[in-house]
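K.L.:
Kindly produce the complete structure, drawing on both the sequences and the hints.
There are 2 protein chains.
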Amino acid sequence: MKLLEERITKDGKILPGDILKIDNFLNHQLDTKLMDEIGKEFYRLFKDREPNKILTIESSGIAIAQAASRYFGFIPIVFAKKTVATNMAKNTYEAKEHSYTRNIEYTVQVAKDYLTAEDRVLILDDFLANGEAMNSLISICNQAGAQIVGCGSVVCKTYQPGEKRIRDLGYDVEVLARVKSMSDDGKIEFE
Amino acid sequence: MKLLEERITKDGKILPGDILKIDNFLNHQLDTKLMDEIGKEFYRLFKDREPNKILTIESSGIAIAQAASRYFGFIPIVFAKKTVATNMAKNTYEAKEHSYTRNIEYTVQVAKDYLTAEDRVLILDDFLANGEAMNSLISICNQAGAQIVGCGSVVCKTYQPGEKRIRDLGYDVEVLARVKSMSDDGKIEFE
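The listed protein sequences correspond, in order, to chains P and X.
Following my numbering, the numbering of the first sequence begins with 1 at its first residue and continues without gaps.
Following my numbering, the numbering of the second sequence begins with 1 at its first residue and continues without gaps.
Watch out, some of these pointers could steer you wrong.
Copies of the same chain look alike in the list, so a pair counts if it fits in one copy or across any two.
[What the hints assert, rightly or not] Derived pair list, reagent style BS3-like, types lysine-lysine, alpha-carbon separation capped at 25 Å:
no.	residue 1	residue 2
1	K10	K90
2	K13	K90
3	K96	K40
4	K90	K21
5	K82	K96
6	K82	K10
7	K33	K47
8	K187	K90
9	K47	K96
The hints are simulated quantities; they were obtained by calculation from the structure and are not laboratory data.
P.N.:
Okay, structure coming up:
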C-alpha cells in the first residue's frame, strides 16, 4: 500500500531494539483518514472471504478493525484484552503473548460469549514481527472453534519470523507495508 | 440518545460493586454501527466548537473517538496511554488516574509532540462515574496549554460525582445516556 509506505518513510522512527515507532499516525496519534484507507484495503483483500466478525487486540488494533468494519457492512469487532480486569467476564478464552517491545508477558483474553463456532473471523492487527499477538488471537479462535478466514497486518517486519510462523500454521496473511530492513541511520526499506 | 438507552436496557448487566457492564457493544465487543451513531451524536453536540483534535484514553475510548472523527472531517485522535511502555516517547505529559472498577492507579500519558497550545481539544470517553479518567485528560490538556472545547461521555452514572467534578472545573460536559440508578435486580433507570 503505497500511501502507507510513504507515510512510514516520512514519519517512522527507528528506536534501539529494532523498534519501528509510528506513534504519530497509528499507535498514539491516529490519522483517521489513513485508517479509513487501511480499512478499505483490508476490505479489498478479504471481501471474498465473507467474515462475519473482526478479532483484534487492544489498543492500536481497535482503530484498524473499526475502519475495516465499516467496509464490511459494520460487522462486529471483538478486541482481545491484555490485562486481567475485575469486570472481565470470568468465562474467557485465554492465550499467552510475549511482547518483545515491552518485554512483558501478557494474558490475552476474549469472553466466550463473543466468539463461537459459528463465527468466520478476520484477524487484524497493527504489527507483525515475531507473531506473538497474532498467534494468541489464532489460539483463541481455535479454542472457540471459530473459523479463521484470514489474517491481516498493517505493517510486517518480514525479516522477523512472525509472517512465516502464521503461514506455517496454515493461515493466509495479508500485509499492507512489508519492511525488509531498517538501518541505524534511520533508513527503512520495503519489499 | 434513545437508541443507546434502549441498548443499555437490553444488554447492560449490573455487577457487584455498582459496575454497569456493557461489554457486548462498547467495551469488548463493538457494535460499529452504534459507534457510528454515537460519533454522529457527538458531532451534533460539539460541531459549533470546531475542535481540531479529539483526545481520548485507551482502550474503549478509541472506537468512540474514531467514529466521531469521521463526522468532524477526519480530525486526528490522540489516545492517552495507561501503561509505561518502553517505546513510549520519554517526553510526555502525565496524570494519575485511580480506576475504581479495577482498583488500580494508572499513570496516564500523552506524548508532548501530539498536544500543543494550538490545539482545540474535544475530550471523549466511554464512562463518566467518578471522573478520574476525564480529569486526567483535562490535566494533560492544561499541561500542554491546549484549549478544551468540550467533554463528552457515552454513559454517565449521574449519582456519582464525576459529572459535577468536571463541570466545577469549568468545562462543558455532554452525556449520551444518563443513568440515574441501578438496582440489584438488574433494573437500570435513566434521567
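K.L.:
Which numbered hints are broken by the structure, listed smallest first?
P.N.:
3, 6, 9
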